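2 protein chains.
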Amino acid sequence: MTSNDAAALITLHPEAQAQLFSDARTANSFTDEPVTDEQLRAIYELAKFPPTAANTQPLRILFVRPGEGRERLVRHMSEGNQAKTGSAPMVAVLAADADFHEFIPKVFPIRPEMRDHFAGDPEGREQMARFNAALQIGYFLLAVRAAGLAAGPMGGFDAAGVDKEFFADRNWKSLLVVNIGKPGENAWFDRLPRLDYDEVVTHV
Amino acid sequence: MTSNDAAALITLHPEAQAQLFSDARTANSFTDEPVTDEQLRAIYELAKFPPTAANTQPLRILFVRPGEGRERLVRHMSEGNQAKTGSAPMVAVLAADADFHEFIPKVFPIRPEMRDHFAGDPEGREQMARFNAALQIGYFLLAVRAAGLAAGPMGGFDAAGVDKEFFADRNWKSLLVVNIGKPGENAWFDRLPRLDYDEVVTHV
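Residue numbers (the numbering used here), protein chains in the order written: chain F, -12 to 191; chain D, -12 to 191.
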């Protein structure tokens, strides 16, 4: 079966497939066009819906506009990521809230006592927060693309340094930094190979 | 700003927004209609595209059809998940390959020597595999919806037991079990509340 045959089994509109998955690319440069507060809110209003374990939604977002805050962030980026983080119109620090359990009475009202269960298990809580926030980062990156913007996710930064710099008063653990904006000049590298189905999938 | 205003800033087609994000729901029952091998392949051919760190793509998938393999899986599910896992037309065990570095010469040919760097760091490798596979699970769940199917992700299972049962000969770490199919009778619970933008987002 070719990729074209496979696409026919996808009921999602072909333009939507291209916008979120098959044509979308990680951008490495951006134009100066600002990303508005309304766009950020629209991205969240879409990304908030897909599922998390017990509806816990541990993803937290620090949006870093150009200016003094951006300079504080850039210092914690690895050298190869500093120039693009410094120049992107918007940067998001995506983090897991290891104290997500405080919201359980709101988000999982059918079992509010889960808050107290988690209160006694900080290690299990952090592990659960990291996994479910990572799922939500997947949703968030596609929601950025749904807003007609490009995302540039970067794992190369000092997470402990970022947490100390921005989250000293809370229990957020930074996971990924994402540049956001309209793609600029020479924004794209060549697409790297994807693994074949038979390298990834097995059956019983 | 209302959710309707926010939606206007999303360039993704409204039907696609609904299919992947705002109307889609976690299914708790399924019809008997089989999920075909061609559908599974089409889902992967979409889910493979969005980004992972250094293009590592550590997500691995075990598809479990009804039959003897399914019975072996159900034994490791928590009690509340056994009936629906037993009856879903298709079940996916989603796992992180902690030996993803073996594929680096293929997926990151610009720095094939990264394979040897990772070979000496099994702990960092497993952490990176778990995070990036979780991102890919986010993409996978939306790709299931893109195929016109419903997903029912479940964290309630014995991961060590599943790994021993199915992955004894490889370094895969199971992260999530997902029922897949057409939604059945009474498939939906009421939607649980989502966190507000101001509960999740902060700015500098």
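In case anyone wonders, no lab produced these hints; they're calculated from the structure.
Heads up, a few of these hints could be off.
One copy or two, it doesn't matter: identical chains are merged, so the pair holds either way.
To be verified - The list that follows gives simulated cross-link-like pairs (lysine to any residue, SDA-like), each with its CA atoms no further than 25 Å apart:
| # | residue 1 | residue 2 |
| --- | --- | --- |
| 1 | 93 | -4 |
| 2 | 160 | 108 |
| 3 | 93 | 74 |
| 4 | 151 | 1 |
| 5 | 160 | 141 |
| 6 | 160 | 110 |
| 7 | 169 | 101 |
| 8 | 169 | 58 |
| 9 | 71 | 12 |
| 10 | 93 | 181 |
This one's a predicted model, so the numbers in the text were calculated from it and none came from an experiment.
- Homo-oligomer pair classification [residue 74, residue 93; C-alpha up to 25 Å]: Cα proximity of residue 93 and residue 74: none, with 38 Å in one copy and 32 Å across.
- Message: I want to check one pair: residue 93 and residue -4. Are their C-alpha atoms no more than 25 Å apart within a copy, between two copies, both, or neither?
- Response: neither (38 Å within a copy, 28 Å between copies)
- From the Cα coordinates, with 25 Å as the cut-off, is the pair residue 160 and residue 141 best called within, between, both, or neither? both (15 Å within a copy, 24 Å between copies)
- Query: Should residue 160 paired with residue 110 be assigned to within, between, both, or neither, using CA atoms and 25 Å as the limit?
  - Reply: Both: 13 Å inside a chain and 19 Å across chains, each within 25 Å.
- How would you classify residue 169 and residue 58 at a CA-CA limit of 25 Å: within, between, both, or neither? within (21 Å within a copy, 49 Å between copies)
- Query: From the Cα coordinates, with 25 Å as the cut-off, is the pair residue 151 and residue 1 best called within, between, both, or neither?
  - Reply: neither (44 Å within a copy, 40 Å between copies)
- Is the C-alpha distance from residue 169 to residue 101 at most 25 Å within one copy, between copies, in both cases, or in neither? neither (42 Å within a copy, 31 Å between copies)
- Taking 25 Å as the upper bound on the Cα-Cα distance, should residue 71 and residue 12 be classified as within, between, both, or neither? within (16 Å within a copy, 37 Å between copies)
- Could you figure out if residue 93 and residue 181 sit no more than 25 Å apart (CA to CA) within one copy, between two copies, both or neither? between (40 Å within a copy, 9 Å between copies)
- Query: Is the C-alpha distance from residue 160 to residue 108 at most 25 Å within one copy, between copies, in both cases, or in neither?
  - Reply: Both. Shortest intra-copy (17 Å) and inter-copy (22 Å) distances satisfy the 25 Å Cα cut-off.
This entry does not satisfy hints 1, 3, 4, 7, going by the numbered hints stated previously.
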